[in-house]
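Colleague: Chain by chain, the residues:
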Amino acid sequence: MTPNPTIFTPLLIISLGIFAWGCWRRLSLVALGQAENRFDNIGARIGEMLKYAFGQKRVLAKPFGLNHFVIFWSFIILLVSNTEFLLHGVFPSISLAHLPDGIYFPLLLVIDIVSLLALVAVVIAMVRRIIAPPYPEARTIEAFFILALIATLMMANFGINGARISHMPVIYLAVAHTYMPVSSFVAGLIAPSAGALVFGVSWWAHAAALLLFMCYLPHSKHMHILTAIPNCFFRRLEKPNTQPREEFVSGNTFGVAQADRFTWKDLLDSMACTECGRCQKVCPANITGKPLNPRAVVHDIKVNLLENGALLKQGATPVTPLIGDGGEGSVAEEVIWGCTTCGACMEACPVFIEQMPKIVKMRRHLVENEARFPEELLNLFENMEGRSNPWGIAPSERTKWCAQMEVKPFDKNTTEYLLYVGCAGSFDSRSKHVSVALAQLLDKAGVSWGILGKDEKCCGDSLRRLGNEYVFDRMAKENVRIFTERGVKKVITQCPHCFSTLKNDYKQYGLELEVIHHSEFLRNLVQDGRLKLEGTSAELGATVFHDSCYLGRHNDVYDAPREVIELATGTAPAEMERNRNNAFCCGAGGGRMWMEEHTGERINLTRVREALEEKPDTICVSCPYCLTMFEDGLKDVKADSVKVRDVAEVLAEAALR
Amino acid sequence: MLVVACIKQVPDTTQVQIDPVTNTLVREGIPFIVNPYDTHALEEALRLKDRFGCKVAVLSMGPPNAEATLRKALALGVDMAILLSDRVFGGADTLATSNVLSAAIRKLNSEVDEVGLVLCGKQTIDGDTAQVGPGIATRLAYQQLTLVDRIDNLDVGGKRIRVSRKLEGRHEIVEAPLPAMLTVVRELNRPRYPRVPMRLAAADAQVEVWNNQVLKLDEQSIGLKGSPTWVSKIFSPERVKGEILGDGYADPEGTAALLIDKLLAKDMLPL
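The listed protein sequences derive, respectively, from chains A and B. In case it helps, UniProt numbering puts the first sequence at residues 1 to 657. In case it helps, UniProt numbering puts the second sequence at residues 1 to 271.
Chain A extracted, bound-state conformation (with noise of 0.2 Å):
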């Protein structure tokens, strides 16, 4: 049982073969996908690589966290004695002990400590999976194998080192009792006459934990191991708010129907998901009950290529189509027509897999080569192409909201600022309440500004959303031509999806604006005292406020609405359980607004249960889909003596008595 070279060699040779094939069948599956350049600013992607996956920023920001982030850096310390542990079983003349004494004796404390850290850690991960598992589905034999290597890894090595102390000549102890305590407490546990069987066993136990973990690793999910750290490197560093273009040429292909057809960075993001469920467990449809997962959608990509790769690499027809109903393809329709975009799934995971980018991209398969959607989206994109507006109202309607008063066009020598009111600010009659708020502070405050009136577009965000590409890519260009010939360089928007896809999207056709959300900036005008408050909105009692994905988490306009709500009713508002980056959304995103929710409870409801938790009597809210949704709820659930007002009519009520 004592380690010998000639047996271990050939396993270790054997071992390294198995642990090479694997990565390069998966990594070379990775290099299928298309081009992508995520090789800019490099100086930036090693700042955010250190940032998040060896300080494991996001992993930390979650109980448990603190547990992997004790196994993470035991694995990257331990990979020096276990790299010592490989090349001696092959050369046993090779050992750190030839280091200095200053260096192998700390050297021995570090790795002494962190292995019994590491076995605490792996311990209580166990425990947790047993007793309190992230999801149901995590009680996988896959991670209790791969716990149970880690621990015996552990054991052994005590077990190594302990038989090693338990045979030492006794001037040496005084040294090892310091630099080794745990292993020395071990040595204490060993009668004398066992030791060099406890050697030999945990030497070869040790041995085959690290070569079966070397084989298995690349073929589990624990080839997160290898390619979290580069996903983070790979990461978008800018929001990923938008989603890219495409071309419109004959030949081309449109969306994603075949796992190859992702790009090569949306294939590692497979690649590199730990299956932590942390995206599940944020996500507004999977936690009503809608079949949407996004760690299952990001697994199942994973699945479909590795069952294609074959065939994919010779550019053959896959087996299994990447989207199909009834476990005939990986992805069921229903589940990527459940996203809302609102992004929770990507802020919370740990390694930046982008779920969003990759679910727009199946929808834009669906509705441009298939035409094939859930029903109530054809009124939704013929209304769209036909009349610029969700409703298909005559674009002759869009000035109505203003007929009792008197607003100017936009004209680029004598207005400053473009007013974009909407498509919901223009037509929904409970919005177009808003719209005169808004223009009434805008007014009082003296501030110069104008509309586009019938001119006035709608901005496209729920058919970029909604895969519609070819739709949004014209109405895009129409914008980006009527705001560049009309001279707009700074607009107000009281809609955050206007405000993201203003601000984001149109950056990709060339145009750079300076957008505002009405939020940002009614808080300005009265923070810089342009705007008068005349008295408090204190009777709208007492307010909580919900944040909008797109103003929020998907721009980081967190405090600008909470501000307007401070100043103009005298206190901050209430905060629900989940809020600011953490917020739940209110089910309407993502093209969701004009779909019907079959599965399920309604994304809404739970959202204003959460709120009335607060006692409010106002709900406060930063855009007119949110109002809907809200205002729609507060009756389902038959509490509408609520009332649920955005900032703007908020602040009016303090500023226009």
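To be clear, the hints were calculated from the coordinates, so they are not data collected in a lab. Any given hint could turn out to be false.
Restraint-style ranges between C-beta atoms, simulated for each label pair [stated by the list, open to error]:
hint: 1; chain 1: A; residue 1: 396; chain 2: B; residue 2: 91; range: 49 to 59 Å
hint: 2; chain 1: A; residue 1: 126; chain 2: B; residue 2: 50; range: 56 to 66 Å
hint: 3; chain 1: B; residue 1: 171; chain 2: A; residue 2: 411; range: 50 to 60 Å
Selected chain B positions facing chain A (in silico; Cβ < 10 Å) [what the hints assert, rightly or not]:
hint: 4; residue: 12
hint: 5; residue: 31
hint: 6; residue: 196
hint: 7; residue: 197
hint: 8; residue: 199
hint: 9; residue: 201
hint: 10; residue: 259
Straight-line alpha carbon distances no greater than 25 Å define the calculated BS3-like cross-link-like pairs of lysine-lysine that follow [unchecked claim]:
hint: 11; chain 1: A; residue 1: 432; chain 2: B; residue 2: 241
hint: 12; chain 1: A; residue 1: 400; chain 2: A; residue 2: 457
hint: 13; chain 1: A; residue 1: 400; chain 2: B; residue 2: 241
hint: 14; chain 1: A; residue 1: 532; chain 2: A; residue 2: 477
hint: 15; chain 1: B; residue 1: 241; chain 2: B; residue 2: 266
hint: 16; chain 1: B; residue 1: 159; chain 2: B; residue 2: 49
Yeah, the Cβ is synthetic: ideal placement off N, Cα and C, and Gly gets one too.
Once you have looked at the hints, place chain B on chain A.
Modeller: Structure of chain B alone, referenced to chain A:
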């Protein structure tokens, strides 16, 4: 068998206004759409193509810019699109229009393939006459099946068709030999949405234009000269503004009750 769908480019009537001075439609800046009923005729033709492999030709009579309408049809998958456009076709009433369309269908029948079915929308939303389809059937001596909301059976070999006609308060199942002209209602189907590759192909595709040198019709039977009817005046009827009942914001329940009372009093609520 060739299936012919007749479609018309119409102004988006929700956006049309009438010029109070000239009593004509103000067409400037008004977007054009495919007559909504015609989209159902086109869809049914495409479904017959999917099911039976028929060829589909689409015809439209109109000004040169009606080509856009035909490109939409090409994007949906029709095999050929023909624009019937000539100054001498202009100013046509329903009779003159059906003369031109019938001539084109005859030409298709003799030069492309035997026409089995002609599909039209039940009416256009700008003229609202519902006469052109029946006019075509009469000129061509085809069977005439109007207001079709379902095709129950099409026997291509036996040249027979059985359809359901949607009439006031009832349905009628009718069978007729081919060739036949059908006018269709919205309930017939849900028009498909164009796929992007088809849209791109349609943008480059050929729209054939047939003028009267191709059709060689007697000028007395087409255009203004061939039209026994003409529009003397278009006007919006005066509408008396109704009264506003109650206050729906302050008292929704009371206002609803008020509305119900009013409707009951006018016998407009069947109980």
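Colleague: Compare the distance between the alpha carbons of residue 400(A) and residue 457(A) with 25 Å, and conclude whether the hinted pair is satisfied.
Modeller: 15 Å, holds
Colleague: Under the criterion that the straight-line Cα-Cα distance not exceed 25 Å, is the pair residue 532(A), residue 477(A) satisfied?
Modeller: 39 Å, violated
Colleague: Against the range 49 to 59 Å, how does the distance between the Cβ atoms of residue 396(A) and residue 91(B) compare: consistent or not?
Modeller: 28 Å, violated
Colleague: CA of residue 400(A) to CA of residue 241(B), is that 25 Å or under?
Modeller: Satisfied, since the Cα-Cα distance of roughly 18 Å is no more than 25 Å.
Colleague: Taking the closest Cβ pair, is residue 196(B) under 10 Å from chain A?
Modeller: OK, holds: residue 196(B) within 10 Å of chain A, min 4 Å.
Colleague: Please check whether residue 171(B) and residue 411(A) have a Cβ separation lying inside 50 to 60 Å.
Modeller: Holds, since residue 171(B) and residue 411(A) (Cβ atoms, about 58 Å apart) stay within the stated range.
Colleague: Please work out if residue 432(A) and residue 241(B) have their alpha carbons no farther apart than 25 Å.
Modeller: 23 Å, holds
Colleague: Is the distance from the Cβ of residue 126(A) to the Cβ of residue 50(B) consistent with 56 to 66 Å?
Modeller: 57 Å, holds
Colleague: Are the Cα atoms of residue 159(B) and residue 49(B) separated by 25 Å or less?
Modeller: 16 Å, holds
Colleague: Interface hint check: residue 31(B), Cβ to nearest Cβ on chain A, cutoff 10 Å. Holds or violated?
Modeller: Given a least distance of 7 Å, the restraint on residue 31(B) holds.
Colleague: Does the closest beta carbon of chain A sit nearer than 10 Å to the beta carbon of residue 201(B)?
Modeller: Status holds, d = 6 Å.
Colleague: Min Cβ distance, residue 197(B) to chain A: is it shorter than 10 Å?
Modeller: At 7 Å from the nearest chain A Cβ, residue 197(B) passes the 10 Å test, so the hint holds.
In the structure shown, a violation is registered for the earlier hints numbered 1, 10, 14, in ascending order.
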